[in-house]
Structure formats: C-alpha cells, structure tokens
Amino acid sequence: MTSEQAPPNVRETTPAAFALEDVWKSFGGVTALSGASLRLRPREIHALIGENGAGKSTLINVATGVHRPERGRILMHGQEVHFATPGAAAEHGVSVVHQERNLVRKFSLAENLLLGRQPLTGGVVSYGKMAAEARPWLERVGLHLDPLAEASSLSPGQAQLLEIAKALSRRCEVLLLDEPTSSITEAEFEHLRVILTELCNGGTSIVFVSHKLEEVYSLCSRITVLRDGRNILNDVPVAAVSQEEIVRAMVGRHIELFAAGGRRNAQVGAPRLELRGVSTEFGHRGLDLTVRRGEIVGLYGLVGAGRTELARSIIGLGRITGGEIAVNGKPARIRNPYDALRHHRIGYVSEDRKDEGLILRHSISRNVGITVWQRIERWMGWISDQRTRPSVEPPLRHLNVKMQRISQPAGSLSGGNQQKVSAAKWIAAEAELLIFDEPTVGIDVAAKDAMHRLIVELVENGSAILLISSDLREVVQLADRILVMGDFRLLAEIANSGEYAPISEQVMLAITRATRDVEAAAA
Amino acid sequence: MGVSPARLREVLGSQTSALGLVLLIALTWTGFTSIGGSGFLGSFNLYSIVQLAARDAVLGMAQAMLIVVARMNLAVGGIGAVCTSLLGYLLVVAGAPLWVAVVLVGVVGVLAALLMGFTELTTGLSSFIVTLAFLSVYGGAAVLATGGRQFQITSPELQALGNGTLFSPAICPLVAVAVACGVLCWLLYFRNSLGWKMLAVGANERAARASGVHVGGVVLAAYALSGLLCGVATIMNASYELNVNAGFGADWLLPSFIAAVLGGVALTGGDISVAGILLAALFYDSLQSGLTIINVPSYWIELPQGLVLLAAVLIDQARRRRARPLERSRDTEPGTAAVPS
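Each protein sequence line maps, in turn, to chains A and B. Note that my numbering numbers the first sequence so that position 260 is 260, with each residue one more than the last. Note that my numbering numbers the second sequence so that position 36 is 36, with each residue one more than the last.
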C-alpha cells in the first residue's frame, strides 16, 4: 500500500487544521528538506517519524517560524499563513515543546508557566494571583502540585508536562512535541498518553515525534515518515502499516530488528565483577551484585533509583564507603576510571553523551583513541594519528558509524552515531566489563538496533555487561538476569524469560511493594 | 577526488589566527615606519624587538600550558621572581658553574609550579585563586630572601646568548631558544600522548576522566611544564638584563596572556596554536617598540597593552562562537559516507 516513490497528492474535502505543503529548506548548500509535507487533521495525534538527520527538526522549525522555508506553504484551516518569527506562530496557536527542556530550575512552576506574562499588581509580581492563574493549566495536564514549588523538584516526566501546560496556556491549537518521551519512564508515558488523548478530544491537534514505535502505535492515529528531507510515508493511518514497514521507510532498507534475548550462544563463565556488601557515598547500603563473563545483567529502575550512582561508584567516579569489590575474583580498589581501565579493563558508556561520553569539539579519531593512547604510544609518549588508526578504525567500521572523515569533530555527528563513537572507544580499549548507562536514549531505531547487536556480540566474545536502562523492553530483550533497583536498594532479581508481559508484571510488583513498605514505615 | 571544501575550510580555519597575525605584524611595521621613520626597521630596533619577543613567546607558552588544560597561571611572574633570585644568588654569591645554575633554576621553576598544582588538586580551589595567591607568596618570598639586592651577572655565555647576534646583526640568539621551545611544544601537542591528554582534559575534563585519563596527573604535568618554561624565560630575561633582582617578573603576566590568547589558544581550553604564540609575541613587542619610537609617553603605553588583551579575548570569543554550530548539528548535517578503509 505504500511505495518508495513520492506518494500522490491526496486532495481532501475537509481542510486540515494545519498543513505544511512541499517545503524546501537548505543550510549553506546542504539540503535539509526537499518537498516535505505534513498534514494535520483537527483532533488528531499525528506521528512524525524519521532517523536523526531526516529533517524532522527542520520541519518543526519551519512550522513554528524559527526557519523560513525557501519554497512551500503553511496552511491553517485552508488559509495560507506566514510565520516570520516563533512569536507569530504562537499567535496563530502553533506551539512547540522541545526535546531540551527550557525550564528555569530555580523558578516556581507558576513562574515557568507564565514566564514573561506574570500578572502584576501595581507593578509588582503577585504570587497569589500567579498561583491562581497557573493552577488550572497545571491541573489540566495532571500536575496536582503546588504552583509555587520549585521547578527543580520535578521529575523529567513532570517537567515535560509542565512544558505542555505552558504551551496550552498560550491558547495553542496545534501542539508539536519533539521527542517528549526520550527521558521519561514507561509509567510516565502512560500518564502522558492519557493527558494527550484528553487534549486531543478537547480540540488540540498534536504532532508527536518519537523514536519509540510502541508509543506511536498506542497513541497516534496517523503517521508521516521522513527520510532525507522527503516524505516516505505521507499521512497514512498508523493501523495500516506494520512496524517493519515503518522501520524500512525510515532507514531505506530492510533491517531485521534484533530478536529477544536468551537465545545467545554465550557461555556464562566465572564472575567478572562482584560487589559484596558495598555501600557508597550516594546512599547505597550493603549491596551484593555479580556480573559473570558472557552475561548481560540488566539493572532496571525508575529515574533516581540510584543506578547511575552505583555505576559511577564502581568505576571510581564516586566513593565506596563500605564492603568489597572484586574483579576476576580478586579484591580490587578502583580509585578512578584510570584504575578501572588500566588495571581491571572496566569501561563505562555514560548516559550523558554530550558532556561525559564525548569531547564534542575533538575529532572522532581522538574520541575513540583516548582509551588506547597509553597502550600504543612509543618511547616518551610518542604518538601520531596515523599510529592510532589500526585501533580506532575497526570499531568505527564495525559499528558502521556514518561519517565523512575520521578527523571531523564528534559533535558534528548525529545522535545515534555519537552514541556509537562513545561505545567504540571501549571496544578499542578491549574492555572486559562494560557498563552501559541508558545506551539507547534519544537515538533512532537503526542506531538502537546497532547498539543492541553490539551488546550481544560483546558478551558472545566473553565480555561481561552491566546494562542500566529505563526502557524495560530493552532490558527484557537483552538481559540474562534483571535486577530491579529502587531508592538505592536492590528490590528484586528476576531471571529473564524473554517474555515482556510476565516480567514487567514482576518488576512493577517489586517496585510497588517497595514503595508501599516505605510508606508503611513512614506512617 | 581532491580536497573537499569542508576539509579546506577546516585546514584554513585552523591557520586563520597565524595568517591574521602575520598581516597584523606587517601592518604594524609599515605603519610605524611611515610615522616614525626608517629607525623602526633599523637593525638596532629590530634586534631589541626580537630580544623581547623571544622571552614573551616563552612566557606565552608557559601560560598556554595551563590555558590548554582550562586553567591559568597568574603566578608566572612570581615563579620568575623566585628563579631570578636563585639564578643571581647561584652565579654571583655562590659562584656556581653556569650549567648548575641553569639546571637548578629549571628544577625550582618546576617545583614551584608543582606546589601550586598540588594545592589546586587537594583543595579543589580554582587555578585562578591558587595561582593568584602564589603570585604574592613567591614574589614576596623572593624579595624577602634577597633583601632586594642587585646581582650583576658576568657570565660571558649568558651575555653572548642575550646580547650577541645570530646570522644577522638584527637577530638575537634568544630567538633560537624561543623557536626551540616552540618546536618542543608542537611535538608535545601534536605528537605526544601527554599533550593529547592535556588537550582532552582542557576540552572536557569530565569526559576525559570518564574515558580513563588520569586527570590529576595530566594537570600536574601541565603545571610542571608551565613552571619549567618560566625558568627558561628567567634565564632568557637575565641573559640580556644582566643586572637582576627579585623585582623581575612583576610585568610578565600581561605579555604571557597576550601572547597566548592573541596567538589563538582558546581560553576555554583544549586548543593550541604554537605558531600563533610566537607571532603574537612578535606583534606585541613591535607595537610596544613602535609606540616608544613615535614618542608616546611611557605611562601611556599601558593603555594600548590593555586594549590589545581585550581585543584578543574578543577575537577568542568570536572564534568560539563560529565553531559552535559544529556541536549542534541536528537536521542540517551534510551527506554522509562510510568509513574510509
């Protein structure tokens, strides 16, 4: 039902609430959009999908007046409109919530919501008035919180809702959500889904950008897929396309998505890493954990459960205050990541790709090579980029990193390719234990699949993996055992059968039981 | 298929500061010649420009060692005061052989800087505060220890280094020292894993640490090298001044920053331009000399010095702003190709 060619222009009788037609845009000779379209009916949630670099963000920027298109029209209810600035788009009722949060953390919820429009009494901001004005908008997105609470107290999911409330308070009719779910939990998504459906029934039309296809299926009625700035799927019902078809439209070729875990030919061997009664400066107490050679241990939990802090303590970025860590059966004292890498071959793929995973200004070659310089340098530290190539290029090629030159800055790569580079340095370092912290957040399906294949390949070659993820599907897909963490404690250990439904039930049970215990203890 | 435009831009972009400086120097020279007459380009004047520029280039490198790791050394002059006093004492009072004095000055320069490095790492204070404090400590200690006395250096080798000529009557042998330091710096940052790690730490300390770089060790090495270059600058300075005291170094801070920042070393760290430092020092001292030649009163000369530093910082900022889009590519990415095999 869909072809790879440009689909015929469908003329419909009812005008779309909002439409972009045949939009062209290029930046300094690089074409970002070549005839892209987006058609949004009243009261629909429309999925806008594409790989990183496909043109989604440019299209959103055109729709909200950030960029002026070179060609093409913007229509609202059949009338052509021109947005010279983002303000002009907002006046027409088109609002966007970006992937990067634009909240002032030190301000209250109400202040963030009404930023620049605070109600004044005699020239002075009136907090009472502000709270009263903000409350109905907060309630509408299900944030039943004190409007004068500080924004920094919000979870990522709640911050997302606050941004949506902010957009709604500007009387928006068309709401564009650019990857709203990249850092929120499954439970928070469920909440968001209910809110968005309500908004949609109330008359708002919503564009939903996401890399997670499950979300698209559960939320959206129609879908548009972009690739290389063109429409590959143009405004088709979600129910009419399969997941494979969407993926193929996105990446332009057929990719076999990686199947469930538990079917590997990895031999689980001796313990690579053991924590015995470990306590940390962050508040973990008496933790026991073992990761064996050839094994993927999933560490699941909600944001703030203490998973990243545990990983950081293991590699020496946080202090161990009690207990013992053993690597390959021998007690190990890891004071910093240098010790972890040099003496124990432990690597850490950070969740914070841009600030900790990569040096964005430096070349790809330097970013990957940084872990091996010490190993390959000659007398007095003599080294050259040429000398690092044999170590740096194979992992990049293996991970199929799309780049022009190995000397280009890592920051010029797309998110998925940046993540691959961030992992490639540990492949180059031949790490025997790798901690992946949220390895697939904010990257597209193809890159996600590549990361999954990489993780499995690593264990098949005898590495041990500790996989931290808030994506339970990912954990179920990959892990041999699943550890559930909550409030800096291990709540449960679950042998992974590879079946999502029963595992997710067990996981949620462990989390709710722990929460109840905490509440009971508090009462 | 030849050189792509992007690659060309990248190569040229990395050299813009050096090319710009060559132009600036040419402009300064022709400007002062037309205003102040041919005396500016006379071999006597060129000699003194080059003599000063050589020292200032080495000071610029001493500063750059710490700027590269996203720190700064406000105590270059303090270390200079300590090293100058030590050199004077060893040569004049103790009668030590020249090579012993030179080696000890280098060692003390390194130790003085390392002490600052340890202080920074153990207290977690910023290098700004630590080196500012040590500037006073070292400057004061040097004056106290020597009681403010003058040392008249008579070593013929040092005299030949600072006041002799090399190839032409317009060239001071100190140029060779500055160029040699420049070559070693280049080798450090472009062909040595320590230099690479210094650049990585400066560009993103968190990422460097998480990638297994021993950040503490790298930072200490940067301090040590900065101190060593301060020692070298001390010997260069003494070789043409000859009559030295503990007050030496008091005016080193400004030229060290101008040479480094105007030379194209990003104040945010993680970037270096050795040729830029050498050229910026030459520009700075040409400007100084030219202003003197056209009879600008000496108390006015500090004004253009300050303005040059301000301009250098503004240029640095503009450069960074231009570089930023690279880090934020979203949908605007150019077409991609596979890894070259």
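Since the hints were derived computationally from the structure, they do not count as laboratory data. A few of these clues could be false.
Pairwise CB distance ranges (calculated) [said to hold, decoys possible]:
id	chain 1	residue 1	chain 2	residue 2	range
1	A	Arg378	B	Val296	50 to 56 Å
2	B	Ile35	A	Gly87	41 to 47 Å
3	B	Gly217	A	Ser155	36 to 42 Å
4	A	Arg378	B	Phe167	46 to 52 Å
Yeah, the Cβ is synthetic: ideal placement off N, Cα and C, and Gly gets one too.
Hints versus structure:
A hinted range of 50 to 56 Å holds for the C-beta pair Arg378(A) and Val296(B), which are about 52 Å apart. Range check, Ile35(B) to Gly87(A): about 52 Å between beta-carbon atoms, so the 41 to 47 Å window is missed. In this structure, Gly217(B) and Ser155(A) meet the distance hint of 36 to 42 Å, their C-beta atoms being roughly 39 Å apart. Between Arg378(A) and Phe167(B) the Cβ separation comes to about 35 Å, which falls outside the hinted range of 46 to 52 Å.
When the structure is compared with the earlier hints, violations turn up for hints 2, 4 and for no others.
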